[in-house]
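Given next are the chains, with one letter for each unit.
4 protein chains.
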Amino acid sequence: MPVKSGKQYMERINAQTVPCWYKGELITGKRSEHLAFKGLMETQAQLYDMQSNPQLAGQMTYESPADGKPVGLSFLPPTTVDDLRRRREAMSIWSGTHHGFLGRSPDYMNTAIMAFYTAADMLTELSPQYAENLKNYYAFCRDNDITLSHAFIQPHASKISGQMDATEDAIAAKVVEQTQDGLIISGAFMMATQGATSDEIFVYPSPSPAPFDDENPFAFAFAVPNDLPGISLICRDTYAAESRFNYPLSSRYEEMDNIVIFDHVLVPHDRIFFAGNEEMSSRLFSGSNFHIHAGHQVLCRYIAKTEFILGTLQLLTDTLDLASEAHVVEKTARVLAGLESLKAIAVAAEVRAIPDGRGFILPAPQPLMAANILYPKLYPEMIEIMQLLASSGMIMVPQEEEFGSNVAGHLDTYLKGNDQAAHQRTALFRLIWELGAGSFGGRQTQFERFFFGNTITVSNRLYSTYSGDKTYRQRVNEFLTDKNK
Amino acid sequence: MPVKSGKQYMERINAQTVPCWYKGELITGKRSEHLAFKGLMETQAQLYDMQSNPQLAGQMTYESPADGKPVGLSFLPPTTVDDLRRRREAMSIWSGTHHGFLGRSPDYMNTAIMAFYTAADMLTELSPQYAENLKNYYAFCRDNDITLSHAFIQPHASKISGQMDATEDAIAAKVVEQTQDGLIISGAFMMATQGATSDEIFVYPSPSPAPFDDENPFAFAFAVPNDLPGISLICRDTYAAESRFNYPLSSRYEEMDNIVIFDHVLVPHDRIFFAGNEEMSSRLFSGSNFHIHAGHQVLCRYIAKTEFILGTLQLLTDTLDLASEAHVVEKTARVLAGLESLKAIAVAAEVRAIPDGRGFILPAPQPLMAANILYPKLYPEMIEIMQLLASSGMIMVPQEEEFGSNVAGHLDTYLKGNDQAAHQRTALFRLIWELGAGSFGGRQTQFERFFFGNTITVSNRLYSTYSGDKTYRQRVNEFLTDKNK
Amino acid sequence: MPVKSGKQYMERINAQTVPCWYKGELITGKRSEHLAFKGLMETQAQLYDMQSNPQLAGQMTYESPADGKPVGLSFLPPTTVDDLRRRREAMSIWSGTHHGFLGRSPDYMNTAIMAFYTAADMLTELSPQYAENLKNYYAFCRDNDITLSHAFIQPHASKISGQMDATEDAIAAKVVEQTQDGLIISGAFMMATQGATSDEIFVYPSPSPAPFDDENPFAFAFAVPNDLPGISLICRDTYAAESRFNYPLSSRYEEMDNIVIFDHVLVPHDRIFFAGNEEMSSRLFSGSNFHIHAGHQVLCRYIAKTEFILGTLQLLTDTLDLASEAHVVEKTARVLAGLESLKAIAVAAEVRAIPDGRGFILPAPQPLMAANILYPKLYPEMIEIMQLLASSGMIMVPQEEEFGSNVAGHLDTYLKGNDQAAHQRTALFRLIWELGAGSFGGRQTQFERFFFGNTITVSNRLYSTYSGDKTYRQRVNEFLTDKNK
Amino acid sequence: MPVKSGKQYMERINAQTVPCWYKGELITGKRSEHLAFKGLMETQAQLYDMQSNPQLAGQMTYESPADGKPVGLSFLPPTTVDDLRRRREAMSIWSGTHHGFLGRSPDYMNTAIMAFYTAADMLTELSPQYAENLKNYYAFCRDNDITLSHAFIQPHASKISGQMDATEDAIAAKVVEQTQDGLIISGAFMMATQGATSDEIFVYPSPSPAPFDDENPFAFAFAVPNDLPGISLICRDTYAAESRFNYPLSSRYEEMDNIVIFDHVLVPHDRIFFAGNEEMSSRLFSGSNFHIHAGHQVLCRYIAKTEFILGTLQLLTDTLDLASEAHVVEKTARVLAGLESLKAIAVAAEVRAIPDGRGFILPAPQPLMAANILYPKLYPEMIEIMQLLASSGMIMVPQEEEFGSNVAGHLDTYLKGNDQAAHQRTALFRLIWELGAGSFGGRQTQFERFFFGNTITVSNRLYSTYSGDKTYRQRVNEFLTDKNK
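Protein chains in written order, with the UniProt record's numbering: chain X, 1 to 485; chain C, 1 to 485; chain P, 1 to 485; chain S, 1 to 485.
Derived from the structure by calculation, the hints contain no laboratory data. This structure is a prediction, so every number in the text was calculated from the model and none was measured. One thing to keep in mind: the hints can contain errors.
Which copy is meant is left open, because identical chains are indistinguishable; a pair holds if it fits in one copy or across any two.
Simulated crosslink set (SDA-like; lysine to any residue; CA at most 20 Å straight-line) [unchecked claim]:
1. Lys23 <-> Gln424
2. Lys377 <-> Thr457
3. Lys377 <-> Val328
4. Lys30 <-> Ala45
5. Lys470 <-> Ala323
6. Lys377 <-> Leu388
7. Lys470 <-> Thr317
8. Lys377 <-> Glu330
9. Lys416 <-> Asn477
10. Lys23 <-> Ala241
11. Lys23 <-> Leu35
12. Lys23 <-> Phe429
13. Lys377 <-> Arg334
14. Lys23 <-> Glu401
15. Lys377 <-> Ser392
16. Lys416 <-> Ile153
17. Lys470 <-> Asn418
Let the sequences and hints guide you as you build the complete structure.
The following block contains the structure:
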């Protein structure tokens, strides 16, 4: 089974039986027809269809080593710089389609599972079976174009009461029993984005403070179909609406977030990647270079999103006749300088790529980590610039329906731009409102701010790569001691 | 007729006949039962009722000079520092009730019309009748507790094509005809907040670049009932929802914004405050000290809102166990320093009050103008602090209905706080989401940023009060020239 | 002995015998004639003379309770709001003279010793003699117009090796011996500003982590003449220069910083305020309300300095014809808003003053603490604004001597302003350079940033006054739970 | 004559006769022994010597097309990407030696004259002789390793009174007479950095508002030896000092700024690059791609400087035991992210290089322009971070001489670090003081902020490259109109 079509994607999701709660009710009927998922699923279907589009397939797929059939390029474990380029181009085609608004477009988790695959041999040390399980699972995802979500954030309360108290009552997710058929898992995960529109879920709990020992019930990783018995999903309220004119973004790109409950779920042995060993949990995560491979995908998204916002700012500037105002030039130039930095980082990530020591190649880690520090500042700054330029004009924006009503004539007169009809100008301001003041935009800002962790976490990631390097300290010390220099 | 009750307020609004368009449909039925207005109207009714509450009436009313009956204190033209104190206390009771979320709580426009009243005699120069009209209108509002909205922002396109072209086709609002009964007015105004939940509308177009002459059709000010023939209102989409748990703010405080269309509306002569004279338009506005009197009201609102956000941040800090983190201390202290500055400005505004030269007293203008520069920065900064502390936890927040469903048990387990039930903790996060990422909060941020104009406008207001003052220049010049000093 | 004259001030300092090292040499000769102290001592002499100036004496002195002779108002322990006003006015006269550039103008330490005096009775608990010593010392300073410096910052290395190791070798300052005549003290203090131009030094080491016990050798406070045997001072390089034209600030206001070495110094018993008790060290410091009383003095300085910088910015704006540029208006308005906030805080500090529980009155603590958070941000921001407006023009500034040379004619032609001679315009740019790019200005920026501690320390001070206050938390909780509100 | 030695460099400067005024006196004696130039000239001599160092010559020189002798690589007009790489490596060797503190290290002006050379043919249109002059002058500089300065900033007063009034009295630089031997020029230029330590000066006045005509006396460009009759130089005060311990930066890198006076200077015809045509002035400047070629050199300097500051911050962090403090990690990571961005831009500048249409190659303009927007923010931010980490410890720093005096023992005890002797630790803090609070550092900050113009100028440069590009506007417009997308 090679790349799937949009139709297949929809059918698989619609066939799922996992209990999914929305506003206190179980969702029934086809998920693809429910307001909370409809627009997103159409967008994802469009993305999947691109892989079989004859004009794009060459750029978006490669031949599976299993059977030679075309599979998604974002599954490709890179071994050359050219692989990195091909990966980037394929991922950029997708992000250029969703304009960076999908944090979980399929290439994200495809890349994640690929990253873990490159480190699978580390697991042999615990058990050759674990390594085998992970490799098999990766091949399964690749060859079946599996739509994955992932779960790792634990309830806040678990940080306090949880891991230190390894009893049945502990809140943190844990193995509650081992059986012949597998492990029985209970626990909850916050914020599995697109949980309800995925085939499977990859679970890798965040590190636990429990002592390193081989029977740690909180340390494990696995992947299972979404609809195993005992799993249930809880939705937040949707920000989506039907009208693409009124809600141009959420009608297409609203990715539902879910709480995922595991209530005595039996995870079969062949889906366990390791269990019981906290140290392996940390080592595998680090060894997988997850943040680097995923960071490469994320960078493509950053660039597409920045370009989209730039275009929006340019249209806004045109419609308000602001192009020659000094503060507008200065603000826009900050966006441009950010965009140029991201694009330069994309070049450097490939030119300065390094071997990972296991036969694969890594895009240059430090520039990618820098991007993960820059963007959580740049994104909110761009939105603030949009808010400052649009001012109160982005609040009182009428809706599509008014243009079909008796007041349409007044709107046509009073809301027109210099050389824009009122309807077209209003469409732009609906977009600006959704991005700059609506709920969809509010989530996007939080999402970009915390995508790879809070400021201190992403700062630490880059900082630690420099901490052992004495080059610069030494340069200054030589300067200070060489009085004749 | 003295202060009105909440019930009277509702009845008057419900009796209105002005065409009001919402999502392309005319609103029919009682406005107080329509989702877009219901919560707001209940809150406003509560505010009005406080004026007749025996425990508060003493602080919130004074005796009308017309008939000695109790009227709202925000109508009181201050002549002593004690009047300023009484006004502040009354306004603070209201803002302490709506926590600063109502930009158009009744005291705002009450204060505005009072400000114009203090300058009414300036109009005598054009016509004694104009001065009389304005004074009479002020007394009418005061003695009937009229709920006012106001309109002044013109369509963007009017800035280009409008005023220079004084023909029937010009977009800017204008007098299209003068009749025996009054002036016929056509035009549109953006952003009349609470237009659909007011009795009357006060219209004072922003200054026009037309040449100063006595027949300028773009220069006028008047006030009329909302439902005169030819007036119609267009709503944006509402952010309100029914559930006070899910949407704690918008269910109570969502103030609808309106576009107001004037299509050949006959404004009776006794409601015209001046017409035809652009210079008077600027002079009256400036002479009314509108920004100073209103700035005093706004300051009360700033303080209440800051306190509410502070409380929210404190609860958030408690529930996430962040009280001892250095960055949380630092961020919270910025909020505290802002709050202390605002409170100090409230003291200084009274202690340093000055006479207005016409028998009234002005709260100190410069500190109030400073508050109008500080708050558009402080408010977004507080919201950003909230976002940074809450991180992704403010996005995946379940709703009230889940707590009544089969998954309630899981939520009770996994979402509880240290000493908070899950339901209570979720209520807090619903609030944080609405303020920090929801549409209601998005509008609030824009609203505070642009309340009294953009940065350059509010900066100029304070800057110009200093520009003629040579004190500091001279001090530096003396320092530079006195070599023996 | 009442207030002293400038001449007396100089004579006392010149008579000192304490070894004072400058660039590796012992300073000999009159200190008032040494480049490093001359300008500062002239400025301080001018300040002292103002106290006996018949036109100012009424505002700057009060009658000593000891003998009725006039003593400096900054020694007055306030018991009424009017006392606070008198203190503020006297301190503002001084800060209006040195334009806020003297961090250690005499009122600073006068206020400090007054603050400790108000808490002297706390010491009775350890020993009535301690309380007596402190009261006597305060009266001695007041009645002899003693010029004090203070020392409290310990060497960085002491934080690691110091207090935990209570031996002779420990780096932190400590009592090395107790004798019949007093305590023998050894140690070093960083950054005693104006150490070399003071009569006496007040020593109060920063809290030590040693266990609370009555024999803690690191816990003590005392005051002694600068030139006791065993004391020595080390200077940094001076930033001062002779020419008031070339170096308008450092030629007048350069306050030398000193390292103070105590090498087996005998401190007489009657100069010891307490010893051996770490807990008293913390309690007395807190009980003295030092940061609040001193904060009141500092606020006067902040206001004077802000006004001086404002005047400089205004002159710069005039000379560069920038008055109408939007970014200049916006930047200047930020300075104005800061100034208005500080002035409002000065009003609030008095209007909202509170009793200290021991018969004295405290200026309102919270607004003053807010000022201590605001100013370390505002000051560097003002300097940055000055740098941004002056651009490269503040670097290539000729000196006074050029105007007396053969190239004077060229300078007169090419450096003139619109209506300013080249010489006058150059004087302004010398000032701007010194403040915005010279060493004197560099120290001022650091000084204001860390005046009362780093950001987290000053933040904590205000934060902790709010932490027990449940008012705002409760308001939000009531809002959340009262669904019918 | 190929690359020159440091000795030759010194001899040429010492042989100059141009009147150079310092503090009102004419400098006499060897310039290389004058405090204001000594350290800088030693550093420059060191740079020049590197070109003949056998180990570096291969990287730092290429064969002159004139005679095959080695000339400096920064003169190489790039025609391939590999040329860009070679240029970058050579320039980085120099900037790694002066750590980016020399804004006018020889490669800067070498690059500038090379840039103008690439556009020389544009001048043919006015006169083939002009083109010839410029090409010859470039070859002369290259083959004689000429040390150039340049002059372009005119007196502020010239902006008002100057160009509009084309008389002898006008302040702006102008042609006052044309003779058989050349043009007679009078005028003044502010801020010719290193004017007094250069062989020749390149003059290109900033654009004048005079009408475009062929006799515009304000439009010209030329280059002449520094010591032609009628030229004189005026210095600012030097920040340099002898001691490399006390003043580690200014003792090596202090570049003097000069006002350059032209008083009826005869410029020979063969040194005129054009005259009389304002339009050519703008076109040639733009056509030379000066900001792009020079931007490539500047980027090398940015990187070296950032690395040096990073090393300093790391040493500071070590000595103060701050490595694990969250705010230090976060602040340092901002520096790291900035450094990674600059390095990525260096890669992208080559990978995305473009032809200039005249046979040469341009490093990618947009990333380089982005660097010119980023660095004027990054540099002051890094300095602020240094100030915040060092706090008051960077102010009270003793000098070298104290370590040779009687107090040395005390300093050794009290100023030592964890594993650093006091002397070594003090050396670090001298550096931090000079960079973060001294006059040398103050000039560096202004210099970086305004290197290529103020914010609006550098913003405009990048902004204008995007303004005609409709790509992003179109992408958003398609998104808005394609409702089915």
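Quick rundown of the hints versus the structure:
1. Lys23 <-> Gln424: between (35 Å within a copy, 17 Å between copies)
2. Lys377 <-> Thr457: within (14 Å within a copy, 24 Å between copies)
3. Lys377 <-> Val328: both (19 Å within a copy, 18 Å between copies)
4. Lys30 <-> Ala45: For Lys30 and Ala45, the Cα distance is within 20 Å only inside one copy (15 Å; across copies 44 Å).
5. Lys470 <-> Ala323: between (47 Å within a copy, 14 Å between copies)
6. Lys377 <-> Leu388: Both: 16 Å inside a chain and 12 Å across chains, each within 20 Å.
7. Lys470 <-> Thr317: For Lys470 and Thr317, the Cα distance is within 20 Å only across copies (13 Å; inside one copy 47 Å).
8. Lys377 <-> Glu330: both (17 Å within a copy, 13 Å between copies)
9. Lys416 <-> Asn477: between (65 Å within a copy, 16 Å between copies)
10. Lys23 <-> Ala241: Both. Shortest intra-copy (16 Å) and inter-copy (13 Å) distances satisfy the 20 Å Cα cut-off.
11. Lys23 <-> Leu35: Intra 13 Å, inter 19 Å, cutoff 20 Å: intra and inter.
12. Lys23 <-> Phe429: between (30 Å within a copy, 16 Å between copies)
13. Lys377 <-> Arg334: The answer is both: 12 Å in one copy and 11 Å across copies each meet 20 Å.
14. Lys23 <-> Glu401: between (27 Å within a copy, 5 Å between copies)
15. Lys377 <-> Ser392: Between. Shortest inter-copy distance 16 Å satisfies the 20 Å Cα cut-off; intra-copy 24 Å does not.
16. Lys416 <-> Ile153: between (48 Å within a copy, 15 Å between copies)
17. Lys470 <-> Asn418: Cα proximity of Lys470 and Asn418: across copies only (18 Å, versus 59 Å in one copy).
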